[in-house]
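Colleague: Take a look at the letters that make up each chain.
There are 4 protein chains.
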Amino acid sequence: MIRIAIIGAGRIGQIHAANLVQNVNAEVVYISDVIESAAVSLASRCSATVVSVDHLMNDASVDAVVIASSTDTHADLVEQAAAAGKSIFCEKPLDLSSERAAACISVAEKHGVLLSIGFNRRHDPSFSRLKNEIDAGTIGNVEVVSITSRDPSPPPVEYLKRSGGLFRDMMIHDFDMGRWLLGEEPNQVFAIGSVMSDPRIKAAADIDTAIAILKTASGRMCQITNSRRCDYGYDQRIEVFGSKGMVRADNQTKTKVEVASASGFATEPALPFFLERYANAYRIQLDKFLRVVSGENLELPGGPDGLRALQLADAAQQSLETGLPVKA
Amino acid sequence: MIRIAIIGAGRIGQIHAANLVQNVNAEVVYISDVIESAAVSLASRCSATVVSVDHLMNDASVDAVVIASSTDTHADLVEQAAAAGKSIFCEKPLDLSSERAAACISVAEKHGVLLSIGFNRRHDPSFSRLKNEIDAGTIGNVEVVSITSRDPSPPPVEYLKRSGGLFRDMMIHDFDMGRWLLGEEPNQVFAIGSVMSDPRIKAAADIDTAIAILKTASGRMCQITNSRRCDYGYDQRIEVFGSKGMVRADNQTKTKVEVASASGFATEPALPFFLERYANAYRIQLDKFLRVVSGENLELPGGPDGLRALQLADAAQQSLETGLPVKA
Amino acid sequence: MIRIAIIGAGRIGQIHAANLVQNVNAEVVYISDVIESAAVSLASRCSATVVSVDHLMNDASVDAVVIASSTDTHADLVEQAAAAGKSIFCEKPLDLSSERAAACISVAEKHGVLLSIGFNRRHDPSFSRLKNEIDAGTIGNVEVVSITSRDPSPPPVEYLKRSGGLFRDMMIHDFDMGRWLLGEEPNQVFAIGSVMSDPRIKAAADIDTAIAILKTASGRMCQITNSRRCDYGYDQRIEVFGSKGMVRADNQTKTKVEVASASGFATEPALPFFLERYANAYRIQLDKFLRVVSGENLELPGGPDGLRALQLADAAQQSLETGLPVKA
Amino acid sequence: MIRIAIIGAGRIGQIHAANLVQNVNAEVVYISDVIESAAVSLASRCSATVVSVDHLMNDASVDAVVIASSTDTHADLVEQAAAAGKSIFCEKPLDLSSERAAACISVAEKHGVLLSIGFNRRHDPSFSRLKNEIDAGTIGNVEVVSITSRDPSPPPVEYLKRSGGLFRDMMIHDFDMGRWLLGEEPNQVFAIGSVMSDPRIKAAADIDTAIAILKTASGRMCQITNSRRCDYGYDQRIEVFGSKGMVRADNQTKTKVEVASASGFATEPALPFFLERYANAYRIQLDKFLRVVSGENLELPGGPDGLRALQLADAAQQSLETGLPVKA
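Chains A, B, C and D are the protein sequences, given in the same order. Quick note: the first sequence uses numbering that gives the first Met the number 0, first residue 0, plus one each step. Quick note: the second sequence uses numbering that gives the first Met the number 0, first residue 0, plus one each step. Quick note: the third sequence uses numbering that gives the first Met the number 0, first residue 0, plus one each step. Quick note: the fourth sequence uses numbering that gives the first Met the number 0, first residue 0, plus one each step.
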């Protein structure tokens, strides 16, 4: 039984808590949050105790920490947990600064602890099957990866102002998927973007619609398109084209019902947002983390993956600002 | 070049004429119809001559006749054409009476002429691929054939009164498909039916909705469902289940466009009716007929197929009337 | 918190236990099974106590019993639980004898207890959406219900010998779905069947492939096809055709991945069997049962639904044996 | 009846000839080709006469010319036909040089003749329905156009050497579709490319795989991906994302047959190449051309559309060579 402390009792912390409670290998012992009431409420559902961060870090019986607090606290908490010898699961991004993220990865490495980043999409059954098919040679050599990723509606402008911008906040997931599926490191990024949905996003110096293209040294390519607003649900599709064929993962729906009428055949919208679309991915992600903590040898996205995705996001942001392709 | 006379210048005669005009192996030389103006109009589009039935039967240069006149004339015309030594393509059914149909087949056989029946669906690319997959062993032994066949809207009640009833007029196509795909002769029919769309159909002693199930001696089964009214287009689907898998042919649409909106994903209705759905089948059907006339050895539905489908329709009608299964 | 005793610690009892453990409104207090070790194993996973049936029936603190033992014990246990005033969830069928089932329903009614039958498919999100669309008038009046239900592979012949036959053991689920979706009571059944997969099934006087058609007084129809063996997964599809359109629920798969190669586009098989296909339905089913126990007013399949499905299965069996349609 | 001369009796000339022969408003009177035998063969199928280019240009009874000869002859022939007052249908591109193309458009304008360019895809029923849905406001404002276009296999290297490169020879169709569907003029192009399929393509200084992204002044974007080799058929898909939804056109297949087996569900590859995929588009294209010649007012891609697509291709080529985005 792995004893776990969760830092952050917000939406994502609650998802992780619910998955940990149902996992027979885990016991949630501590919850910590800057908002006391949030911590209390979540702790009661987990039969856990509310404590301070220092308390849980200093309790030697805690095996692992799940960091789901606000982004600006991630790097410090990772370093503190590393120093305390805990296995670490940290939500993305490690930090909005690549330098800070790199420093914190070094600390984790120095202490020899497991540091896994919450790139939940790698654990989605459809997307991990894409990866498996590629690795099995089903489509030959990867040539072009195409990622479509559209949120149902923009977050509040206040959130956007602190988010680091679309590339670091939203497309960072897609940069990770692109790297992972390309099977080679991109070394160039070109990005364009616009504001289409809400002029306040422009006022916040951000964009809501973007395309980025990546290229690797050997010539593999990746195109990513993002939108902050999508009427037909949470649009999450990936296609990988190769020398012997293609694999693609389409959107998911709640039911398989089709309605036929004089106007044609109608199916329901895509699942509404990440909580529904990636419910399985969140569960599998933590299960794998626990299994690695228990000694199993499984691939998990680690600190360097988090850093590299951030560097690609930085490069995309720079490309947007300069209008030029950027080495990454 | 095969010289052809067309008897019947109505809707179906016009389809055959258009396909023959574009076929490089055929020359339409004569058109005959009881309605003079219809014959003249069609003849002008084919660069053909309007003549009487006797004239075209007596012209030794005519190689083949296409019989597309009203059902009650089919049997007599087949016999006349057989006596004249013509190759014969006759629309279904040969006759509404199985006895009359059988007699007319005997005449054709006695004269040794080709007699092919217009079961156009056997030539549909999707349905003939079903047959090819079955013959290739893709699904192992055929076990259950399921046929869904729904017209967009009922014909005029006046037409229904002379039609012989739903089983002989509409489901006869499906009985032929069932026999063909089962690969064994059904020997029992049970049928139920209702009037759902229009009470005048009941007044005409007919039905508009029906299910029939067929069984062969070895235990293979076929279920057929028909409706005379269908809001989402001409519903034409077949599924064949076997010991190693299943093959099915879905409806067809004009385009492959999908529209996504807040209410979900929408595609267009099925093609509206048989002219659109079986346009290719009609063309291929006559092309195959011409090739057989030219000496090629191809499978074509013949007189006995027409008779057998009629006998199954008779059995279904008897089952509906008696409420009991009927040997066929 | 509803205190629950589970009778039967086999496969289906374990599913119910797992769902109850995760339900915040339920507490599994007792497990009983004729096989002691099975009871002990399941109890340990639920933090429950192993007791005899009499013990749990006599414990007034038990609110509800879940009966998941072998079919021949259902009726007696329902009567015992009814007499003890428990709310009852009983797996289908109540009994293989309609008379016995009817008697046991009377007992439950006399004691005024809730008796719900485990027709899990009514709770499947896709099938319950079909029902909702029908009730909302989306397809107008229901005319023809078509149900395709195929198991991946036959159960052991020993099981089949005690099962009551395909109609009572397997198609009983589809009879329930047919009644439910028709919205009217069928009053006639005709059924045909064969042995296609394994001659030992014939030796056991059972069949493995069948079609049944039902008809209501107003003329609505339902066709059901079953097979005990299906190569492409657990085939569970329903289509409802009505006066204004059609709704259908297709099979479900684990992922939405499609592989394109020179041979075409390939998607994965249907989910393997009922544990996977109806995982959500099992969860929702017990959740609804608990909510009704708690006083909510929700539609649940009850004793009379179980009896009526059994009567239709009896009629189908009689039709198979006599070769005639049977009033039901 | 419009009297037409066809210049070029190769593959594309033959397609146009076949469509014209079946068009009731057209009469093919002359065929001209530098290869005498090709001209003779095609003329015999059209009941036309083989003549020189000068002859057909000087025959005042010729209403229209269809230019389907090699690319390097297009501009001269357009100018000659314009001077002769003929209506002109010219295959794309007008010329590999934008300057030459512009000059030749000026000549056509000066003579006031109709000049239509063979962008057949605008006439594809699926793609023209995309355009109609956009124009009808179905998806609100267009934001991102995504075009996937992959040929089944590369042309001979000898052809590539004279082709002007992938952007001018292949992606030019997609540039035209992008402009048409964006509804605004792109003013910037960025393109990347690689050689993936055959090193001889590299030796010929060309690429076989590419991504280009376009942007308009208002911020609309278009991403295009091309490959010269695709295992699963001729991959031709377009998706248009807008402020209120999305429309997309998927690939087309010959039949709607699906095969189910233990490995899943399989459908056939996409149609093999442009002859099959765009058969309807070629027919509709010439039919519309003829109707415009007859005085109808229909939208047809004209000389400036050809020139603009060529300028975008030039910009993409320059972007590939410089590694920088290019104003266009």
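Don't read these hints as lab results, they were simulated from the structure. Hints should not be assumed to be uniformly reliable.
Below, simulated DSS-like cross-link-like pairs (lysine-lysine); rule was C-alpha separation at most 25 Å, straight line [stated by the list, open to error]:
no., chain 1, residue 1, chain 2, residue 2
1, A, K326, D, K253
2, D, K287, A, K243
3, A, K201, D, K326
4, A, K253, B, K201
5, B, K130, B, K201
6, C, K287, B, K201
7, B, K287, D, K253
8, D, K243, A, K253
9, D, K326, B, K253
10, C, K326, B, K326
11, B, K326, D, K287
To spell it out: a stretch of chain C is covered by chain B in this simulated footprint if at least three of its residues, at any positions, have a beta carbon under 8 Å from a beta carbon of chain B; those stretches are [said to hold, decoys possible]:
no., segment
12, 41 to 55
13, 218 to 226
14, 270 to 278
DEER-style ranges, computed between Cβ atoms [as the list claims (entries may be wrong)]:
no., chain 1, residue 1, chain 2, residue 2, range
15, C, S293, A, E35, 29 to 35 Å
16, D, N279, C, P303, 55 to 61 Å
17, A, R290, B, G136, 52 to 58 Å
18, C, P154, D, P271, 43 to 49 Å
19, B, M0, D, P271, 28 to 34 Å
20, A, V23, C, P271, 29 to 35 Å
21, A, R290, C, P271, 49 to 55 Å
For each residue, glycine too, the CB sits at the ideal point set by N, CA and C.
Colleague: Please go over all the hints and tell whether each is borne out by the structure.
Modeller: Results for each hint:
1. With a C-alpha separation of about 45 Å, the suggested pair A/K326 and D/K253 falls outside the 25 Å cut-off, and the hint is violated.
2. Simply put, D/K287 and A/K243 have alpha-carbon atoms about 39 Å apart, too far for the 25 Å limit, and the pair is violated.
3. Taking the CA atoms of A/K201 and D/K326, the gap is about 24 Å. The hint holds against a cut of 25 Å.
4. Note on A/K253 and B/K201: the hinted pairing is violated, with a Cα-Cα distance of about 42 Å set against a maximum of 25 Å.
5. The straight-line distance between the Cα atoms of B/K130 and B/K201 is roughly 36 Å, outside the 25 Å bound, and the hint therefore fails.
6. Of the pairs offered as hints, the one joining C/K287 and B/K201 is violated, with about 44 Å between alpha carbons and a cut-off of 25 Å exceeded.
7. Proposed proximity of B/K287 and D/K253 is supported: the alpha carbons are some 19 Å apart, at most 25 Å.
8. Restraint check: the Cα-Cα separation between D/K243 and A/K253 comes to about 22 Å, which is no more than 25 Å; the hinted pair holds.
9. The hinted pair formed by D/K326 and B/K253 fails the criterion: a straight-line CA distance of about 39 Å is larger than 25 Å.
10. Simply put, C/K326 and B/K326 have alpha-carbon atoms about 21 Å apart, close enough for the 25 Å limit, and the pair holds.
11. Of the supplied pair hints, the one linking B/K326 and D/K287 is violated, its CA atoms being roughly 57 Å apart against a limit of 25 Å.
12. Taking a C-beta to C-beta cut-off of 8 Å, the segment 41 to 55 of chain C contributes 0 residues in contact with chain B, too few for the three needed, and the coverage statement is violated.
13. Counting residues of the segment 218 to 226 of chain C whose beta carbon lies closer than 8 Å to any beta carbon of chain B gives 6, which meets the minimum of three for the stated coverage.
14. Under a criterion of three residues with beta carbons nearer than 8 Å to beta carbons of chain B, the stated coverage of the segment 270 to 278 of chain C fails, only 0 such residues being counted.
15. Between C/S293 and A/E35 the C-beta distance comes to about 32 Å, which sits within the given range of 29 to 35 Å.
16. In this structure, D/N279 and C/P303 meet the distance hint of 55 to 61 Å, their C-beta atoms being roughly 57 Å apart.
17. In this structure the hint that A/R290 and B/G136 lie 52 to 58 Å apart at CB is violated, the actual value being about 44 Å.
18. Range check, C/P154 to D/P271: Cβ separation about 46 Å, and the 43 to 49 Å hint holds.
19. Checked against the hint of 28 to 34 Å, the pair B/M0 and D/P271 passes, with Cβ atoms roughly 31 Å apart.
20. For A/V23 paired with C/P271, a C-beta distance near 23 Å fails the hint of 29 to 35 Å.
21. Checked against the hint of 49 to 55 Å, the C-beta distance between A/R290 and C/P271 comes to roughly 24 Å, which is inconsistent with it.
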